[in-house]
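Novice: These protein sequences, in sequence, are chains B and Z.
Quick note: the first sequence uses the working numbering, first residue 504, plus one each step.
Quick note: the second sequence uses the working numbering, first residue 1299, plus one each step.
By construction, these hints were calculated from the structure, which means they are not laboratory data.
Cβ coordinates follow ideal geometry from the N, Cα and C atoms, glycine included.
Warning: the hint list may mix true and false statements.
[What the hints assert, rightly or not] Straight-line C-alpha distance at most 20 Å; calculated EDC-like pairs for lysine to aspartate or glutamate: (1) B:K874 / Z:E1376; (2) Z:K1373 / B:D969; (3) B:K505 / Z:D1312; (4) Z:K1506 / Z:E1485; (5) Z:K1356 / B:D969; (6) B:K551 / B:D728; (7) Z:K1313 / B:D830; (8) B:K966 / Z:D1417; (9) Z:K1518 / Z:D1379; (10) Z:K1461 / Z:D1312; (11) B:K966 / Z:D1365; (12) B:K972 / Z:E1485; (13) B:K964 / Z:D1379; (14) B:K706 / B:D673; (15) B:K505 / Z:E1485; (16) B:K659 / B:D673; (17) B:K572 / B:E818.
[Unchecked claim] The calculated label-pair distances, taken between Cβ atoms and stated as ranges, are: (18) B:K972 / Z:G1323: 21 to 27 Å; (19) B:R519 / Z:E1490: 42 to 48 Å; (20) Z:E1376 / B:D792: 55 to 61 Å; (21) Z:D1419 / B:I836: 36 to 42 Å; (22) B:K972 / Z:M1423: 48 to 54 Å; (23) B:R520 / Z:I1310: 49 to 55 Å; (24) Z:D1419 / B:Y908: 54 to 60 Å; (25) Z:M1423 / B:Y906: 34 to 40 Å; (26) B:R520 / Z:K1506: 55 to 61 Å; (27) Z:M1423 / B:A973: 31 to 37 Å; (28) B:V844 / Z:E1490: 21 to 27 Å; (29) B:A973 / Z:K1416: 22 to 28 Å.
So the chains spell out like this:
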Amino acid sequence: MKNYRLAWRNLWRNRRRTMITAASIFFAVFFALVMRSLQLGTYDNLFKNIIETYSGYIQVQNENFWEDKIVDNVIGYSDELAQKIKSDENVIECIPRFESFALASSGSRTKGVLVMGIDPVKESLLSDVENKLVKYELTGEAIARLDKENIPESIKKNFSLFEGKSYATDGRILLDLGVKDRDSEMVLPLLRKHASVENGYIKQGEPGALVGDRLAKYLGLSRGDTIVLLGQGYHGTTAAGKFEIKGIVSLPAPDIESRIIYLPVDVCQDLYDTRGMLTSLALQVDDNDDKAIAETIERLDGDLEEPYRVLGWREMNETVVQQMEADDSGGMIMIGILYLVIAFGVFGTVLMMTAERRREFGVTISIGMQKTRMAMVMVYEMFYVGFIGIVLGVAVAVPIIIYGYYHPFSMSGEIAKMMEDYGFEPVMAFLWIDSYFIWQSVVVAIIVILSVIYPVRKIMKLKEVDALKA
Amino acid sequence: MKVLELKDVHKIYDKTEVEVHAVNGVSIDFIEGEFAAIVGPSGSGKTTLLNMIGGLDKPSTGVIFVDGKNLTKFKSSEIIDFRMRNIGFVFQSYNLIPVLTAKENVEFIMNLQKWPKKDRDRRTMELLEAVGLGDRGNSRPAQLSGGQQQRVAVARALATKPKFILADEPTANLDSASTYNLLDIMEKLNKEENITFIFSTHDARVVKKARRVITLEDGKVVSDITH
Chain B
504 MKNYRLAWRN LWRNRRRTMI TAASIFFAVF FALVMRSLQL GTYDNLFKNI
554 IETYSGYIQV QNENFWEDKI VDNVIGYSDE LAQKIKSDEN VIECIPRFES
604 FALASSGSRT KGVLVMGIDP VKESLLSDVE NKLVKYELTG EAIARLDKEN
654 IPESIKKNFS LFEGKSYATD GRILLDLGVK DRDSEMVLPL LRKHASVENG
704 YIKQGEPGAL VGDRLAKYLG LSRGDTIVLL GQGYHGTTAA GKFEIKGIVS
754 LPAPDIESRI IYLPVDVCQD LYDTRGMLTS LALQVDDNDD KAIAETIERL
804 DGDLEEPYRV LGWREMNETV VQQMEADDSG GMIMIGILYL VIAFGVFGTV
854 LMMTAERRRE FGVTISIGMQ KTRMAMVMVY EMFYVGFIGI VLGVAVAVPI
904 IIYGYYHPFS MSGEIAKMME DYGFEPVMAF LWIDSYFIWQ SVVVAIIVIL
954 SVIYPVRKIM KLKEVDALKA
Chain Z
1299 MKVLELKDVH KIYDKTEVEV HAVNGVSIDF IEGEFAAIVG PSGSGKTTLL
1349 NMIGGLDKPS TGVIFVDGKN LTKFKSSEII DFRMRNIGFV FQSYNLIPVL
1399 TAKENVEFIM NLQKWPKKDR DRRTMELLEA VGLGDRGNSR PAQLSGGQQQ
1449 RVAVARALAT KPKFILADEP TANLDSASTY NLLDIMEKLN KEENITFIFS
1499 THDARVVKKA RRVITLEDGK VVSDITH
């Protein structure tokens, strides 16, 4: 009988023990994969939101702007500069931005805001503000009207949880309300009928503003109202202007949504008395992989002379990156503890099994089986148990992760509020199957390999006479 | 022809405060085809002597020659290989491999010796028939009675036609009927295959069947009678 067959039979001699060992490996793999996917997915979602809403992957700025964000630290925009940047293999487009601060007021309320001058057409390539205009708002009146419609109770009970919230996409409102795919065709027309919001967009050369939804709510503004901006312009001039609100935008980054006002870039330049100048050029890139971004930055840094400086998204979002790295370390410690518990569980079972089978090892070696071969049978046994546990863990985790990737968990209530306070979108997203899958499985495989060392060592040092007395 | 030769073999256990002389200067020979019993009271050194003959334990002093080869000079892996090729074991509590069927248990050592399948099958069936279990080849040990398990153990020990069979109290766990049945089978195989059988026992029924009886007391041979 071949070693692998003998090992397979040995495995099922004590089904309960095998099941317990395989189950502990299964749970380790399953929880590690799901936890890691959720953690990495949440970071990924957060970074994506910040990058796509605000910073972009790469920006070209005046070398002093990042440290001292005043409108004196600007760069002149020219077609030659744009062409030079676009000649890089990874750059698709240069999107002009003018970014500054101002005090925004409406009625008796005032707030310090981030004023972002954008090219309304080109910006669609990066932050796509036009598609972030609020489409639906779950106001009290809208909910009252929706309650009268023939909508499943399971959806209706979610209305109150999200009362007052605005939505820019069909997908997000359906996700929050827990509308299943089969009900979406019935619910969407009703949402359009009772909760839709009309919004306009800004145009180059036409004074007008888009305001973040949270900021608009804070200042009590809606479409058609006027907002007054007061700030410091180029070389100490006064920047003051009033703008009609063309639309309200809902952004997946709550922190930015609560302080942003978009203006057409030329209108913004007029406001700050900086015609023809920009604070940054945000770049649309072909490959946004970390390595490609770093290489692009390095190339552009070499191509562009003073006063230009090239910044990557990690540098521009340093605080968030550090926050995530700290959180990631915490997550790794948790997974480490999980692995440790599982490792002791597996080792405990192996220890028990080795003690129980000592006599059997003695007999088998007495009748002529070499110790190395007996040890090999043991390795096969542990390999099978590990394989069963890992494969089952992966098999169960994959559908959950795939489901979670396409249907992120939307948070509501206090948890959502807490996440928003930290500047996160209240959504728990999963990361698609990636290299972390291999690593989790490898770690568990290492645990199994380490735990097999004990019985192998015991077999190799076994004294037949003593073992036969066991 | 001598198959086994023990010369002034001693086994001293000195791990505790009291030194125990389990085997004390035993010198005996066994020739091919013997059917011998080593008898004596508990603690007389029967099992220790048998373990040393089988290479499961090493003598403190003295030498053991099997087929002219000094067993005490072998390395661990060499002795396992030597056992596989030359010695068959029958244990008091059968010690079959529980996950294997009776047939697979008998085949086990042939497998280790890489016998061709055809020869394995033929020899297995021959032995199972010889021990009266031709129809129980596919039964697992747990499905067999104690007597049947011990008969499978005898068949396993004989499978590769070893130089001799060492049986440590083979009938201790068997009822009378099974004991007589097993002894008859072993005697028959001893004669048919000309394999040396050495038992350690204090079962009078085994002693009665044995053609040579070696009596041990306090680790020493006090009598060696051939009938």
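Novice: A range of 21 to 27 Å was offered for this pair. Does it hold for the Cβ distance of B:V844 and Z:E1490?
Specialist: Violated: the Cβ-Cβ distance is about 60 Å, outside 21 to 27 Å.
Novice: I want to verify a distance hint. Is the separation of the beta carbons of B:K972 and Z:G1323 within 21 to 27 Å?
Specialist: holds, 25 Å
Novice: A range of 34 to 40 Å was offered for this pair. Does it hold for the Cβ distance of Z:M1423 and B:Y906?
Specialist: With Cβ atoms ~57 Å apart, the hint is violated.
Novice: Regarding the pair B:K659 and B:D673, is the alpha-carbon distance no greater than 20 Å?
Specialist: holds, 17 Å
Novice: Take a look at whether the Cβ-Cβ distance between B:K972 and Z:M1423 falls inside 48 to 54 Å.
Specialist: violated, 34 Å
Novice: Does 55 to 61 Å hold as the CB distance between B:R520 and Z:K1506, or does it fail?
Specialist: With Cβ atoms ~45 Å apart, the hint is violated.
Novice: Against the 20 Å threshold, does the CA-CA distance of Z:K1461 and Z:D1312 hold or violate the hint?
Specialist: violated, 32 Å
Novice: Are the Cα atoms of Z:K1356 and B:D969 separated by 20 Å or less?
Specialist: holds, 13 Å
Novice: Is B:K505 close enough to Z:D1312, meaning Cα to Cα at most 20 Å?
Specialist: Violated, because 41 Å separates the two Cα atoms, which is more than 20 Å.
Novice: Could you tell me whether the CB distance from Z:M1423 to B:A973 stays inside 31 to 37 Å?
Specialist: holds, 33 Å
Novice: Under the criterion that the straight-line Cα-Cα distance not exceed 20 Å, is the pair Z:K1373, B:D969 satisfied?
Specialist: holds, 18 Å
Novice: Holds or violated: B:K706 and B:D673, Cα atoms, limit 20 Å.
Specialist: Violated: B:K706 and B:D673 sit about 25 Å apart, past 20 Å.
Going down the numbered hints, you'll see the structure goes against 3, 6, 7, 8, 9, 10, 11, 12, 14, 15, 21, 22, 23, 25, 26, 28 and 29, while the others check out.
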